[in-house]
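A.B. asks: Chain by chain, the residues run as shown.
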Amino acid sequence: MVEITNLYKKFGKNDVLNGIDLSIKEGGIFAVLGPNGSGKTTIIKTILGMVIPDRGSIKVFNTDVKNNSDYRHQIDYLPQIANFPSNLKVSELIKMIKDLRGKTDADQNLIEKFKLGPFLNKKLGTLSGGTKQKVNIVLTFMFNSPIIILDEPTTGLDPISLIRLKELIEVEKSKGKTILITSHIMSFVEEVADKIVFILEGKIYFKGSIAELKTKTKQQDFEHAIANILTENHA
Amino acid sequence: MLKILKYSFFDLMRSSWSYVYFAFYLLLGIVLLFLNNDLSKAVITLMNVIIVLVPLIGTIFGVMYYYNSKEFTELLLAQPLKRSSIFLGQYLGVAISLSMSLVLGLGLPFIAYGLFKSNAIWDFSLLLVVGVFLTFIFSALAFNIALSNENKIKGFGYSILMWLFLAIIYDGLFLMSLILFEDYPLDKVSLIGTMLNPIDLSRTLILLKLDISALLGYTGAVFKQFFGTSFGLIISFLALTIWVVLPILRIVFKSKKKDF
Amino acid sequence: MKIQLSILLFFISICFTTAQTVTVCKDGCDFKSIQTAVDSSKSGDRIFIKAGLYNESNIIIYKKSLHINGEEGTIIDTQNNGYGFSVEATDIVIKNLTIKNIEVSYTKEFAAILLFKSYDFVIENITVENAFFGFLIQKSKDGLVHNNVISGEGKAEADSGNAIHLWHCENVNITNNDVRRMRDGIYLEFGSNAYISDNYSTENMRYGLHFMFSNNNTYENNIFEANGAGVAVMFSKKIKMYNNIFKKNWGTASYGILLKEINDAELKHNIFEDNTIGINADGTNRITYTENTFKNNGYAIKVHGACYDNIYSKNNFLYNSFDLSYSGNLNSNKFENNYWSNYTGYDLDKNGIGDIPYRPVKLFSYLVNRTPESIVLLRSLFIDIIDFSEKVSPVFTPENLIDNQPLMKQVKW
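Protein chains in written order, with this note's numbering: chain U, 1 to 235; chain A, 1 to 260; chain L, 1 to 413.
Excised from the complex, chain U in its bound form (with noise of 0.2 Å):
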């Protein structure tokens, strides 16, 4: 589904892709894992058509990203920071990317599930960056699209929402989708994801699931490893 070869991007003097490869073929969560300013962000928006890499190639269902953007129909992005054009209600937001991007109905359930209709008629300026995050949740969900990419879901979110938010990954998983999760809370990660992704200095360390990870670094807890891997790296 995801094809990533050799990949190579600076951003001035800083290498942040060093030749990535990526293959994703099957359906699951895979968790993007890496310290802060590894490539983990670059590597999503190389993948949405955001970045433009130096080199190296992206095709997601076998067609080439670059300069295209029909492909991005396949995609369900929810971004890092979830600032939306203060002047804007919420309806409208919903309303705009619907009309951008094709009919749906699956808003109606998630803004439920969100408890979100007190907000429909606010200006998005004037909202919480947890209730912003969860219309971003709704904004990346109500779409039915096979691959789903999600940057620091959890950003902000409640206990309750991030429950909400579980069950909805869960959901789309039983689907057969991919989804792409990158995030900092690593019980999160534990919780949810199939495999990892680690990439350190902008290349792929490992790749696998938790269970290959332990054993690798041979350490029993998961948030352990990855703190294990960097110390050794680092050291």
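I should point out that these hints are in silico values taken from the structure, not numbers from a laboratory. Just so you know, these numbers come straight off a predicted model, no measurement behind them. Check each hint, because a few of them may be wrong.
From the derived model, a few chain A residues whose C-beta atoms are all more than 12 Å from chain U [said to hold, decoys possible]:
#: 1; residue: Asp38
#: 2; residue: Glu74
#: 3; residue: Lys117
Below, computed lysine-lysine pairings styled on DSS-like, alpha-carbon distance capped at 30 Å [to be verified]:
#: 4; chain 1: A; residue 1: Lys152; chain 2: U; residue 2: Lys132
#: 5; chain 1: A; residue 1: Lys82; chain 2: U; residue 2: Lys123
#: 6; chain 1: A; residue 1: Lys254; chain 2: U; residue 2: Lys10
#: 7; chain 1: U; residue 1: Lys66; chain 2: A; residue 2: Lys257
#: 8; chain 1: U; residue 1: Lys13; chain 2: A; residue 2: Lys256
#: 9; chain 1: U; residue 1: Lys25; chain 2: A; residue 2: Lys256
#: 10; chain 1: L; residue 1: Lys409; chain 2: A; residue 2: Lys188
#: 11; chain 1: A; residue 1: Lys256; chain 2: U; residue 2: Lys98
#: 12; chain 1: A; residue 1: Lys152; chain 2: U; residue 2: Lys10
#: 13; chain 1: U; residue 1: Lys66; chain 2: A; residue 2: Lys254
For glycine and all other residues, C-beta sits at the position ideal for the given N, C-alpha and C.
With the hints as your guide, set chains A and L onto chain U.
C.D. replies: Leaving out everything else, chains A and L in the frame of chain U:
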């Protein structure tokens, strides 16, 4: 693109700045016409305002809108939309809403004054057309600067500098070089110099209407052909169109390469 | 007065000399040609030319007082051969004719009507088409040139002549004529006491009206439009110019009025509109410019050197690209009580006069004189800024060239 244009346009139409801009021109038109009661003088004053203020406002608005709608842009970038449509849509949204404020703001008082019965209508329409051109040019230039500068402050700084350069400094350098090389035939050079600055170009277009008597006092054959026939008008409009098209092409080009 | 007197004399003479009227036409009249009619007539006779085309030229009237009158539709075609009429006579009247196709010559001044040493003449209702010269009037006195239409088809100054050309004439009234596409519309050389009014002079290659060495003349209520220059007054004294309209005189050497070496003239109630230069003054003394309106000109007034004691007062300067261009010192010329549309001052004591003086000369007009191409920067913000700084502290413009009492409202007259 039309959808983006629609959303950008309505977004701007709802922002208070459009109203301020509109109200400013409305007030200006009313003051010029009803307190002064002299249509010819009003047109001259208006010309000064248009060739100085319209570029400034177009520039500031363009840069401001670009930086302020960054989130909106990023939201759109993840959607199945072409990049060029996103940026052109936003640019056109800004340019059209600014032009509308200008045309309505100045047009209403003039219509109320009885413009249609006056023969100043052509001068006035030309002013508005030039104003609209300048709005399109300078908001496109502002978008270019903003696209090339992630840093908001820098982007603002460069835009204001660009305006300052084109509105004042350029003419100073222009005049100095004309005086410096006054022993050489300069009529072609001076016309080319005019073409290279959209503000000068617009000014020339208006001069062709307001000051044709003075312009025809000069001997050069090139001047005579340029100012004395419709040649000047056609060339000036062509050049203005190029001034709109080039920055827009760069928006398309630059936006394709840019990372977000 | 003199004309009326002459007409009276004319009638008296008819009574005493049994004057008769002869007719000219192709068939069935007294004569078939105008020349034979003239030759067969005696002083005081009337010749009536019936409608028709007469291919005649160089019709000579010598020392005979005749009254020649055409029927409507009478056309004399000189077929590019010399003069139409060549006259040396007193009490001569030529009326109601069309004369066309006057020969173009580079050595002789062929005209539709040549008057030489003629007194008490009337030329009225004559249409001259394809003229080289229209009326050439030399060493003549006490005449009336009224209600004629003269037009040429010359392409350059060299192959066209003047519509009404007076040389060494006195007391001639030139009224209600329409002159166009000639070299000069009306030209006076060594002419005095001429009264020129209600003429329309347009599309002439050189001047709409031209005075040379001609003193004590008056012209008023004329319209001069789109000529090389509206009016040129040169080497003349005591010319009165009232209520004329000068417009659309466009071009490198185009003026509403060109004043060169003239003294003691008076300009009042004239309108200058859309001219490259409204008034171009060079070597003028003791001229008063009062209550004229200058509107939308490139320059309202351009003053060159050697001008003394000229007074500009109560004029309206409206939306000119430049109000004034001035060479040299102020030289006891005065600008006072004018209305300047570019004036930005205020009138706190409400006496109708601006509280701060107005400087009509801009720095930019100096720059344009020096480097003409810089005209393309007209109305630029940068130019406004340097003009403003020059206004605050004059360096290049004469410091005392000021209208100390600019009016707040347009002068009405």
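A.B. asks: Straight-line Cα separation of lysine 13 (chain U) and lysine 256 (chain A) no greater than 30 Å?
C.D. replies: The given pair, whose Cα atoms are some 21 Å apart, holds under the 30 Å limit.
A.B. asks: Compute the least Cβ-Cβ separation between lysine 117 (chain A) and chain U, then decide whether it is above 12 Å.
C.D. replies: Lysine 117 (chain A) is indeed farther than 12 Å from all Cβ atoms of chain U, at 41 Å.
A.B. asks: Taken at face value, is the distance from the CA of lysine 132 (chain U) to the CA of lysine 152 (chain A) at most 30 Å?
C.D. replies: The hint holds at about 24 Å.
A.B. asks: Mind checking the alpha carbons of lysine 256 (chain A) and lysine 98 (chain U) for me, to see if they're no more than 30 Å apart?
C.D. replies: holds, 24 Å
A.B. asks: Sort out whether lysine 257 (chain A) lies within 30 Å of lysine 66 (chain U), counting only the CA atoms.
C.D. replies: holds, 11 Å
A.B. asks: Beyond 12 Å on every Cβ pair: is that true for glutamate 74 (chain A) relative to chain U?
C.D. replies: The assertion about glutamate 74 (chain A) is violated, with a minimum of 6 Å to chain U.
A.B. asks: Mind checking the alpha carbons of lysine 66 (chain U) and lysine 254 (chain A) for me, to see if they're no more than 30 Å apart?
C.D. replies: Status holds; Cα separation ~15 Å.
A.B. asks: Are the Cα positions of lysine 152 (chain A) and lysine 10 (chain U) separated by 30 Å at most?
C.D. replies: Since the Cα atoms of lysine 152 (chain A) and lysine 10 (chain U) sit roughly 22 Å apart, the hinted pair holds (cutoff 30 Å).
A.B. asks: Is the Cα-Cα distance between lysine 25 (chain U) and lysine 256 (chain A) 30 Å or less?
C.D. replies: holds, 29 Å
A.B. asks: Check whether the Cα positions of lysine 254 (chain A) and lysine 10 (chain U) lie no farther apart than 30 Å.
C.D. replies: holds, 17 Å
A.B. asks: Please work out if lysine 82 (chain A) and lysine 123 (chain U) have their alpha carbons no farther apart than 30 Å.
C.D. replies: Status holds; Cα separation ~27 Å.
A.B. asks: Hey, lysine 409 (chain L) versus lysine 188 (chain A), does the alpha-carbon distance stay inside 30 Å?
C.D. replies: violated, 42 Å
Violated hints for the displayed structure, listed by number in ascending order: 2, 10.
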